[in-house]
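Chemist: As a plain string of letters, each chain reads:
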Amino acid sequence: MLTRTDMMALTPVILVCATAITVMLGIAWRRQHAVTVLVSALGLNTALLSLFLFGELGTVRTPMLVFDSVTILGMGMILVSSLACATFSHAYLDGFPGAREEFYLLLLCAAAGGMVLTAADHLATLFFGLELLSMPLYGMLAYTFRDRNSLEAGIKYLVLSATATAFLLFGMALLYAQTGHLDIPGLVAGMSSGVGPWALAGVGLVLVGLCFKLSIIPFHLWTPDVYQGGPGPAVTFLATASKVAAFIVLLRIVEAIPAFHGAQAQTLLAALALLTMLAGNLLALLQANLKRLLGYSSIAHFGYLMVAIVVADKLAVETSGIYLITYLITTLGAFGVVTLLSSPYGGEDASALHYYRGLFWRRPYLAAVLTVAMLSLAGIPFTAGFIGKFYIIALGVEAQRWWLVAGIVVGSAIGLYYYLRVTITLYLMEPGMQRRDAPNDWGLRAGGLVVLLLAVLMILMGVYPSPVVHWMSLLSLAGS
Amino acid sequence: MILVWLILIPFIGGLFCWRAERWGDKVPRWIALATMLLVLVTTLVLWWQGDYHLPKTGTPEAVRWAIEWHVPWIPRFGIDIHLAMDGLSLILIALTGFLGVLAVVCSWKEIAQRVGFFHLNLLFILGGVVGVFLSIDLFLFFCFWEMMLVPMYFLIALWGHSGSAGKTRIRTAIKFFIYTQASGLLMLVAILALVFAHHANTGVYTFSYLELLGTSMSEPFAYWLMLGFFIAFAVKLPVVPLHGWLPDAHAQAPTAGSVDLAGILLKTAAYGMLRFCLPLFPEASQAFAPVAMALGVVGIFYGALLAAGQQDVKRLIAYTSISHMGFVLIGIFAGTSIALQGVIVLMVAHAFSAAGLFILSGQLYERLHTRDMRLMGGLWGRIDKLPAFTLCFVAASLGMPGTANFIGEFLVLFGTFPVAPVVTVLASVSMVLAVLYSLLIMQRVHFGPAQGEVHFSGLDWREYTMMLGLVALVIFFGFYPQILVDTTLSVTDEVHQLFTSGSVGAAIQSLAGVR
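From first to last, the protein sequence lines are chains A and B.
Counted from 1, the first sequence has number 342 at position 332 by the working numbering; the numbering is strictly sequential.
Counted from 1, the second sequence has number 875 at position 16 by the working numbering; the numbering is strictly sequential.
Don't read these hints as lab results, they were simulated from the structure.
Note that CB positions come from ideal geometry on N, CA and C, so glycine has one too.
One or more hints might be untrue.
[What the hints assert, rightly or not] If the Cβ cut is set under 10 Å, some of the chain A residues that face chain B in the computed set are:
{"id": "1", "residue": "Asn55"}
{"id": "2", "residue": "Ala211"}
{"id": "3", "residue": "Gly214"}
{"id": "4", "residue": "Leu385"}
{"id": "5", "residue": "Phe396"}
{"id": "6", "residue": "Lys399"}
{"id": "7", "residue": "Val419"}
{"id": "8", "residue": "Leu430"}
{"id": "9", "residue": "Ile434"}
{"id": "10", "residue": "Gly472"}
[What the hints assert, rightly or not] Lysine to any residue pairs mimicking SDA-like chemistry, simulated, CA-CA at most 20 Å apart:
{"id": "11", "chain 1": "B", "residue 1": "Lys1034", "chain 2": "A", "residue 2": "Arg431"}
{"id": "12", "chain 1": "A", "residue 1": "Lys324", "chain 2": "B", "residue 2": "Pro934"}
{"id": "13", "chain 1": "A", "residue 1": "Lys324", "chain 2": "B", "residue 2": "Asp1319"}
{"id": "14", "chain 1": "B", "residue 1": "Lys1034", "chain 2": "A", "residue 2": "Val419"}
{"id": "15", "chain 1": "B", "residue 1": "Lys1034", "chain 2": "A", "residue 2": "Lys324"}
{"id": "16", "chain 1": "B", "residue 1": "Lys1034", "chain 2": "A", "residue 2": "Tyr437"}
{"id": "17", "chain 1": "B", "residue 1": "Lys968", "chain 2": "B", "residue 2": "Asp1319"}
{"id": "18", "chain 1": "A", "residue 1": "Lys324", "chain 2": "B", "residue 2": "Ala1059"}
[To be verified] Chain B regions said to be covered by chain A (calculated; three or more residues, Cβ under 8 Å):
{"id": "19", "stretch": "925-936"}
{"id": "20", "stretch": "1039-1049"}
Just chain A, with the same shape it has in the complex (with noise of 0.2 Å):
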């Protein structure tokens, strides 16, 4: 049975979806692209609202979710991001000729969906929160569809996802097959006398399906592609919430069941972790369009953040949350200015590199947000990226995992070379170059104001990380 404080604790959820209907009746009775945006906006802030008072109800165990602070935090980040998502949508649907109204009904989704997969604590809710979350996406990705990189995108996200979603759910069955529950903390309790080959099985298994999600290297072939062709708001999402709330559901998984602590789980998590700082970085090296070396980038740093899932004590659930609060504010920046100089929408987006030579002459605040973005991505000290890359090298360093430590330090070298080619073309100025612009008036536009706010929080970060510090020594998963 439901009790009131479950309620309470389910209250975000609920007005997200609560939202996305009124949406959905809205497009029904008129389209009115402004009003649309407005009540996405106006629900998830008072999302945002509800998560922040509810908050404060300490653990709740509803019976197929948890709300522990990191659930807290997971959802507020989805928001967040959903949030931007949905004013640079607004910036860069201006011009779109389709419908653009029923992009924000598949946002609002979406962010249910993360919302739903960050509180999973049972296989069921996993798996919905997981799949409602990715339905959207697909028709997002492609939603500017007479673009045929954008129809590729979508498609290839929804062929391979749903490969990945079959390994999801062979793992899910050979887990109950084993122990005879769904539910993590009965997963946990059913592998206390051992883990049995089929579960052993079907955790690698489903292991294989988070990290598609997450494009933890070999399983990242489709994020090249779906990132250079996705219109610039929908791969902001999935770059973001789409990651976090995946991030955050391995995090407790693993953190949960035993499979996971032996040593040689142990050596193939670190090794998934090594192979992917490096090769994201190496893959990222020479990629001439700035979507494509995002979404590389993006690669390396959860390669980075996997550090966390190896080590998997206290200090990782914390490093985990500044780590991800460091990339969201980033990697929002970066895409928000792709997408303001893509806006209003004119066919493809304007994502290869040469469009942003001389950028600071013509645009220097914009060019300076990307700047920062690019240097805190790069881990440059006073910038947001840089606490987060010394949590991880602190972590590392207190488990005394040289290995992954010695990968952190070289990905960073090479990581380096790439961030700082596009923010050396931002001050290039060469004549005769065709270009992209964004509005003149950008910086008054809810889109600008985003872009600006975020990169006055990266540099905040960066200069006084301790209320964000204080927060995540805060953090726990709550114990299962």
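Fit chain B to the given chain A structure using the hints.
Modeler: Structure of chain B alone, referenced to chain A:
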């Protein structure tokens, strides 16, 4: 609070420069000049008023730093914003202020594009360097250490000269950045390992320099951590196998960039070794000293030999820097009080002479539009005054008695002799090579057959004043180095005590007593 202002003034000035560009090219230059003069004057006032002499034994802790400023930053890990100044940092900050003024003045005509943004970057570098010299919280130190690379990167990449084919300035800038940043990350790992080792001993997280001093660790572990610090500093110094970025960076940086690089950025590395590498890991450093000194000797010879073979004036000067920094490295790892004083004098002297030579080659470039020495020759008599100044700085660079460089090199060799006579002998031999490359500059550029009949304009009053000031300083410190020695004696003495006393524990005990 004055320490915070020392760091903030360049940053604020830089932002003003950027925004002031709309009022014309002159405004940012004047703002930048005023900013750096302010930093310089403030430091000199602090020098005048403060007491930087050796603290008498038994005095309380406050004496250790002349000025100190302390607020918590990230309490979770015991990270503080902890700034402190003693004689060593004071001298280096004064140097930063002075060379900052020079850098602004010498780019007065050279930089014609995007003046505001140029000065933003220039001042940000200087602000970062001041931060490096003042921070004694390891986390803060690291932040400034890495942060100052970013504006330097922009300086080289945007205002640099394109070199020969395949060596574009952007490539050079990226090379510089990756070298220094990657080695910096090694230092971060070492810092963190040190902090966790301290945590394991005491249960307290802290990044404070004084607290971490004397952390007990197993010997191999300390050796690894010391290497982490050493490599980061060695790349910046540079020590020979890790010097790859330096000649390119110098050759392609604008004059102001070269002045900053040679004059200040290289010194941050020597400062780091003196302040962190030796005191934090005295035993490991001592074990490593023979290797370091050998690397120093290799650097001296390598730099001098390659300098003699260069065609590009700035590359030549860059290689002489490598050679001079070899002396610094030897002096630091000799660890005797005299050698350490020599290191400080040599650092200051090298900053002046290298800055002078780089500015002169910048002035040559403005007139001849080349840095290729094969296209020069016979310039004496064709340019007013410039060749004579070159002669002065070349003499300083080869360590002529009467210049500060001589005092520095002499003290280093003198102080090293009791510890490592072989190294001293070898290093002294290299003086011959120094004469060789120095005379080559004069011969190829200013004497020899003239490559043309054109007479170039002489130095205007701006250039003339800069050069005269530098020459005066080189000679002043050549005759009266005592002022540097007096100011830094407490620092060199402490490092010497930590480094050479047989039992490190006892030294730390006695130091703790002093504090």
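Chemist: Could you tell me which of the hints above the structure violates, numbers in ascending order?
Modeler: 1, 2, 3, 13 and 15
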